[in-house]
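J.: One letter stands for each residue in the lines below.
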Amino acid sequence: MAHTDKSNWELIKNGMFSENTIFRMAISLCPSIAVTNSLKNGFFMGVSVIFVQTMVNLTVSLIRNFINPKIRIPIFMMVIAGYVSLIDMSMAAFARPVYKQIGLYIQLIVAFASIFARAEVFAVKNKIIPSVADGLGMGIGFFLAMIVISFFRELLGKGALWGLPIVSGNPLLIMVLPAGGFFAVGLLMGFFNWVDIRLAERKAAAAETAPSVETTG
Amino acid sequence: MDFGKLFQLVVAASLINNFVFTRFLGLCIFFGVSKKMETAVGMSVTFTAVMVISSALSWVVFKYLMVPLDITFLKIIVFIGIIAAFVQSADTIMKKVSPALYYKLGIYLALITTNCIILAVPLINSGEGYSFLESMAFGVGSGLGFALALVIMASIREKLELADIPAPFRGLPISFIVAGLIALAFTGFSGLITL
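Note that the protein sequences, when read in sequence, are chains S and F. Numbering-wise (our numbering), the first sequence opens with residue 1 and increments by one. Numbering-wise (our numbering), the second sequence opens with residue 1001 and increments by one.
Any given hint might turn out to be false.
[What the hints assert, rightly or not] FRET-style restraints, in silico, Cβ to Cβ: (1) S:M89 <-> F:L1133: 28 to 34 Å; (2) F:F1132 <-> S:W162: 41 to 47 Å; (3) F:V1151 <-> S:F191: 25 to 31 Å; (4) S:V195 <-> F:G1129: 47 to 53 Å; (5) F:K1096 <-> S:I128: 36 to 42 Å; (6) F:S1098 <-> S:A205: 53 to 59 Å; (7) S:K125 <-> F:Q1088: 20 to 26 Å.
Everything labelled a hint here was simulated from the structure, so no lab data went into it. Note that the Cβ used here is the ideal one computed from N, Cα and C, for glycine as well.
Construct the entire structure; sequences and hints are all you get.
T.: So this is what it looks like as structure tokens:
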């Protein structure tokens, strides 16, 4: 039973950046391409995932002492499926047009590796507050990824944002096509890797100069 | 029995509406196991088998249990339960009956529960109101489509290992771009059959 000793803010930050579901861990990729052809769809998907992830972490953490390890997988699945059904039905009731487009993918949040993984790795071993913080962080990280991808795809593919036209002229139709989703994610992932490599280089350079100062001093 | 319709369903599910390239489902597994040809083939075989059986099982439960009881709104929970239970029992039975096969394909079984396609197919089947044979045909088609995608991707990625790719794009990013190119090719299939 490894309890975490990180502060809540560190946990949230961890989920948002260093363990970002899409760009770092590369899991739960299906919706990152399927629903990111417009900012609105991406936004609703992101919000749903924040809700499900946080509530699942909260619930699993609450019942963690009653779960028999041998049947934990079906139990986690039922908890996740319960919350997904909840959001699925509320969305069908209150956001009809969006639901028509992304309804299937909302239902498939059940099969998200990331949500299951956080329940398995984190929530089942930790107290309630850190679990909620972890869930929030992971959810927000996913939300940010969806926003970034769908921002570029809608802007380039339709010349619009949130359905409002912004740029006139011929948009790059390929960006809203299925293939464009793969390109967008691939390019963004490459970009974040590049930033990482540059940061690591800078850190290495700083580390090289630091000891030399010490020896001369 | 209209076999033409069934054949159309298989072709449509595997080529035109290929799950990986036009519906973007099962991507985690798709990128996870397409590094080597051997694992890709193992995954495809296991996946197609589980796909067909679980779509048959969930059709029976949906038609004869959930519709009469009027609990269709619970379909997400019930379907994922069926799949998880089936995968778990297949795992146990295979370990006992055929250890050699288990040694080869067992690891893929565990991965399958987190594959969105396996849940999407029963959901689509019930949403479209397919008959039993149509559901099976849709399952076979989606399984074949996924297998095709995996094999194409694995053969490209094996060659990609030797290519000189800019450092930030090594690994996953370049695989995404390759998948994009294949998806572009697959759009050529649209309009092959109109259902």
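J.: Next, verify each hint and record whether it holds.
T.: Here is how each hint holds up against the structure:
Between S:M89 and F:L1133 the C-beta distance comes to about 31 Å, which sits within the given range of 28 to 34 Å. A hinted range of 41 to 47 Å for the beta carbons of F:F1132 and S:W162 is consistent with their spacing of about 43 Å. Between F:V1151 and S:F191 the C-beta distance comes to about 30 Å, which sits within the given range of 25 to 31 Å. Checked against the hint of 47 to 53 Å, the C-beta distance between S:V195 and F:G1129 comes to roughly 49 Å, which is consistent with it.
Between F:K1096 and S:I128 the beta carbons are some 40 Å apart, a value that agrees with the proposed interval 36 to 42 Å. A hinted range of 53 to 59 Å for the beta carbons of F:S1098 and S:A205 is consistent with their spacing of about 57 Å. Separated by about 23 Å at the C-beta atoms, S:K125 and F:Q1088 satisfy the suggested range of 20 to 26 Å.
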